[in-house]
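> Throw the hints in and build the complete structure from the sequences for me.
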Amino acid sequence: MAKNLRKLPSGRWGIAIFILCLALFPLLTVNNPYYINVMVFVGINTIIVVGLNLLMGYAGQISLGHAAFYGIGAYCSGLLTAKYGCSPWLALPAAVALTASVAYLIGLPTLRLKGHYLAMATLGFGMVVYIVLRQLSWLTGDSSGLMGIPGISIGRFKLDTDLKYYFLVWTMAVGVLMLSRNIVNSRIGRALRAVEGSETAARTLGVDTARYKLQVFALSAAYAGLAGFLYAHFMGFIGPSTFGFKFSIELVTMVVVGGMASIWGSVLGAAFLTILPECLRVAEDYDIVIYGLLLMVVMIFMPKGLTRTTVDLLKSRWTASPVSQTNEE
Amino acid sequence: MAILEAVNLKKSFGGVVAVDNLSFSVETGQIKSIIGPNGAGKTTVYNLITGLLPPTSGLIRFNGQTITGLKTHTIASLGLARTFQNVRLFENMTVLENVMVGCHQRMGSGLFSAICRLPKFRREEKQTAAVALEKLALVGLADQSQRPAFSLPFAQQRTLEIARALAAEPRMILLDEPAAGLNSHETVQLGKLILKIRQMGLTVLLVEHDMELVMDISEEILVINYGKKIAEGKPAEIQDNQEVIKAYLGEDFKGR
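Top to bottom, those sequences are chains Y and C. The numbering of the first sequence is this note's numbering, which starts it at 1 and goes up by one. The numbering of the second sequence is this note's numbering, which starts it at 1 and goes up by one.
These stretches of chain C come out as covered by chain Y in the derived footprint (C-beta under 8 Å, 3 or more residues): (1) 84-91; (2) 96-103; (3) 112-119.
It is worth saying that the hints were derived from the structure and are not from the lab. The beta carbon of each residue, even a glycine, is placed where N, CA and C say it ideally should be.
Written out as structure tokens, the structure reads:
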């Protein structure tokens, strides 16, 4: 099933259609730049969620502190550009490298832990980063946050509208998606999935599981760092509250709702949970109640996540197709 | 020549001594079995050999090299593979991918070449898939290669585990109760497979409760109880050993 899922929508055609949709999307929204704005956030969240899904869905390791990596990336790039006048294009590799290095160092001791203990450790890490961002006000700005983060330009071309930024974000998001897809279907990807299946068995087959867990943790943090960079330069100001515990949980929810161990599920999960609160604004005070109820309904009726359930549903309709034969049981 | 040697091996969990001063060796190219009552410490011995557990004292030599204290994946890379009493497949991967994980050591491509899909990477993927298919054909699972591993019937899950271990091209394979849960026909097939594996030049160590299988294919048997060796010898000798009969085989096994 897993293999079929990976084959079905993630072929070259899938990607081509996806890119086409992304390119055409702005045409539908000429009159409403707000949609573009939301889609920028979908793109940013997609980047983090894909990385978190590599870690959670594929390698089977949880992180309840991913918002912290997002924050580290955002603050690193924000500080370098706003305070020290660095070019965003120099700040980008710095932000990515810093988040990956922090993850590597944090992962060395914590990735020895399993299950709930790993969850606790990463949760603690997230809180420490949040508190540091808040308390280090001489560096990170006062409680209102860090202001004056410059926008991004490519040469002389300034990405000064949401639409231009939309293309930047989604170019990077598609890049991250394709990169992740390549990793999943490779020796390293199989090693990661083996860790999820049975770490013990993987080790007895010669897979250095500790090393790969650390690598994927650092990689997923690097994705979050990239997303933080995009966020900081899109908003122009950042505050610690964006990178708190609540967002870490939201990210995990996006992975689970979209579908564990599914690259496309990450896109869907990020889109669903980014757009949903926007739609629920009409319900005013009750939005959080409806949001919670919807999540419960999705998890009860689609425990494998949106993508897998949808694909299974499609397949059961096409019972005559040869794909479904290997998919019985 | 002994490919595997355990010298005064001891493992205690708190006050419980699971393996007690056990010494034995396995000759290159032989099929040797370890038998004994449940809880005798057989699986613990496997876990000590493969480095999943550190021994309390004693040492293990593989191919002349001391492997106690080495990491599990390093021991595996020296040519020691195993299967598990409770099948441990990578359930969400296909049958073929499971076996390809077994090839992990022999492949070299890292993150970078995978991301960029370099020609070298593609070539290696193809070769590995071919090797994996070969192993599947050996155990008779070639036609199931694209199925998700969890969807296989139990007996085939067991043979898949063996194929996966073989993909690592080990010098020696440790089988942990491979016949558990198999019917008599499947057990006969398994016996044939184990003999085939030996013919390929591998040394086989077998932990098994199916005495018919053990007596049929083993060249030597080690009997342990409470972590201690109580007998070691050829199948015929073991069957006549009073202590073994008392501790494990039971009176009615005599003279079979």
